[in-house]
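S.K.: Sequence:
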Amino acid sequence: MGDTRKTIRYFIKYLKSYWKGITIVVILSLVSSGAQVLAPTFLGQAVTDLTNYLSDLKKETVSLNTFYGALGSMLVFYVLSQVAIFIAWMVMSKFNADSTNDMRENLFSKFQRMMIRYFDTHQDGKLLSLFTSDLDNIFNAMNNAIFEIISQGIMFIGTIIVMFTVNAQLAWTTIASTPLILIVAVLIMKKARIYLDKQQDEIGDLNGYITEQINGEKVIITNNLRQESVAGFKTYNNRVRKAMFKGQFYSGMLFPLMNGLNLLNLAIVIAMGAWMIISGQVSQAIGLGLIVTFVEYSQNYFQPLTQITSIYSMIQLALTGARRLATVEEQKDENAVPNGKILHGVQEGVKLENVHFGYDQNKEILHGVNIAVAKGQSVALVGPTGSGKTTIMNLLNRFYDVNSGKVTFDNIDVRDIQLKSLRDNVGIVLQDSVLFSGTIADNIRYGKPNATMDEVISAAKQANIHDFIESLPDGYNTRVNDASSVFSTGQKQLVSIARTILTNPDFLILDEATSNVDTVTEEKIQQAMDAVIAGRTSFVIAHRLKTILNSNKIVVLKDGNVIEEGSHEKLLADKGFYYKLYTDQTAFN
191 MGDTRKTIRY
201 FIKYLKSYWK
211 GITIVVILSL
221 VSSGAQVLAP
231 TFLGQAVTDL
241 TNYLSDLKKE
251 TVSLNTFYGA
261 LGSMLVFYVL
271 SQVAIFIAWM
281 VMSKFNADST
291 NDMRENLFSK
301 FQRMMIRYFD
311 THQDGKLLSL
321 FTSDLDNIFN
331 AMNNAIFEII
341 SQGIMFIGTI
351 IVMFTVNAQL
361 AWTTIASTPL
371 ILIVAVLIMK
381 KARIYLDKQQ
391 DEIGDLNGYI
401 TEQINGEKVI
411 ITNNLRQESV
421 AGFKTYNNRV
431 RKAMFKGQFY
441 SGMLFPLMNG
451 LNLLNLAIVI
461 AMGAWMIISG
471 QVSQAIGLGL
481 IVTFVEYSQN
491 YFQPLTQITS
501 IYSMIQLALT
511 GARRLATVEE
521 QKDENAVPNG
531 KILHGVQEGV
541 KLENVHFGYD
551 QNKEILHGVN
561 IAVAKGQSVA
571 LVGPTGSGKT
581 TIMNLLNRFY
591 DVNSGKVTFD
601 NIDVRDIQLK
611 SLRDNVGIVL
621 QDSVLFSGTI
631 ADNIRYGKPN
641 ATMDEVISAA
651 KQANIHDFIE
661 SLPDGYNTRV
671 NDASSVFSTG
681 QKQLVSIART
691 ILTNPDFLIL
701 DEATSNVDTV
711 TEEKIQQAMD
721 AVIAGRTSFV
731 IAHRLKTILN
741 SNKIVVLKDG
751 NVIEEGSHEK
761 LLADKGFYYK
771 LYTDQTAFN
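Each step along the sequence shown adds one to the number in my numbering, with nothing skipped, and position 503 is 693.
If you are wondering where the hints come from, they were derived from the structure by calculation, not from laboratory data.
Bear in mind that the values here come from a model prediction, so they are computed numbers and not experimental data.
For each residue, glycine too, the CB sits at the ideal point set by N, CA and C.
Any given hint could be a false lead.
To be verified - Straight-line distance between alpha carbons at most 16 Å, and here's what the computed EDC-like set of lysine to aspartate or glutamate pairs gives: (1) K203 with E295; (2) K424 with D395; (3) K714 with D657; (4) K736 with E759; (5) K203 with D292; (6) K316 with E402; (7) K541 with D603; (8) K610 with E520; (9) K206 with D288; (10) K300 with D523; (11) K436 with D387; (12) K565 with D600; (13) K553 with D603; (14) K424 with E402; (15) K424 with E392; (16) K565 with E524; (17) K300 with E524; (18) K432 with D391.
Unchecked claim - Cβ pair distances, simulated, as ranges: (19) L372 with T517: 26 to 34 Å; (20) R416 with N640: 41 to 49 Å; (21) L456 with I217: 29 to 37 Å; (22) E554 with K206: 43 to 51 Å; (23) D657 with T322: 41 to 49 Å; (24) E418 with G665: 49 to 57 Å.
All chains should be modelled from the sequences, with the hints used to inform the complete structure.
M.R.: Structure follows, in structure tokens:
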């Protein structure tokens, strides 16, 4: 029930802005359905008039004028119905396209406000399926189902009213099978819903697997795992197939079932009309007119039930998509602290004070960590994999909040700082650099879109990437993307450093920036890092210890604890854990 309310609220949220269009569609649906409901009465009248005319051999008391008048009225009402449907369809197509566009834009905007934790715990393919599979299902349902639900609902109610107005006995005969129909339909729909929901979940899992395999294609090829990759795909795809088959099987049962009951009901109505004529309850002429009229009404009565059940799978997939999208919208945004304090650079320094943290509340990673870096100083974080180095980077930029303790800039808790102000003052060079679609110049000025070309070139020179860019046919206008082969891993890293230099942050985090490059490129990156670190407060996370020898302080982490800290010389003299790390590395160089 909670999911149903959530889904309804989601649709109301996006459709309430288009109430004018919806009102027009409802009015036109009333006109169309009303005309369609009334048209059979004129058909019945035409049959009665024609029967009376044919039975009067002398043709003295009856003329065909009323017959032609009834046929003409019937034609007018059917044409009116179709014109109203056509106009309603155009109006509905417009607000459907606009409303689903709003859904898509708001979903993407929501992603840009959400906490990093959400992206760390959800596969890219599953997130992508929200934009493709789920939103496509919603659009298809709204484009095809909304008008059907409105118009068929109005026709259903209108048909019942007019039937009882014309002849109550035949009306009761027509609707007598309704309870049975509803019971059977509800049972089948419940089954269909289970598997249609499962179908979308399985499609999300499949998309996640496909994205993961495409991103890791080089690893798959080099390890000769193509057959295993295909086998894994088949497993996921088979789950989709099974869920899809069962969902479509149960939802598909509704349409032939309704058609069968419609034909059965039609036969009962004709039999009842014939019995009324034979028993003398109505004259032959009137009875034939009633039979023809109620044949039409029987069709009109079952048409809404048949039409809606025929698109049930489409409706249910849209409801499932809306539920999934509504669930995303319920996720917490990053706390931007709109009324928080503003940083004006780093005036004193940055500290971690008795920080405890775990991505999982039941599994702590950092255990009471204390680290301080004064303004203009550089602190290097070293330690084995899993010691908590990158986790500290996540806390400094407030991708995550500490469980206890605090992270401060100039003695201000980051949780009290306006998030935009914090991010404007913190620059990060990640271990895996990302290039976006566009030119090289666009990528460098990504963090400062209004930067001049002279500023871009200056940043590239400081990052030791200018000469390479100039060697390209289109120079800074060369178009690239993250998958482009124009740049090596090290060159991407240099572009990332140039991007950071251009934003000119007061506080800098370098996350193992030289871990994936050769020694020649490492030297270039090191020179660029020295240029960007100079005069700035910084944390440098490194595996290669020779890159952090000039740091003001080295902090050694192990299993989420600070076990040593001091200068390079002091730590070597102590001959502790750092000494072992350093001597082990230099022994192989």
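S.K.: What are the numbers of the hints that this structure violates, sorted from low to high?
M.R.: 8, 13, 16, 24
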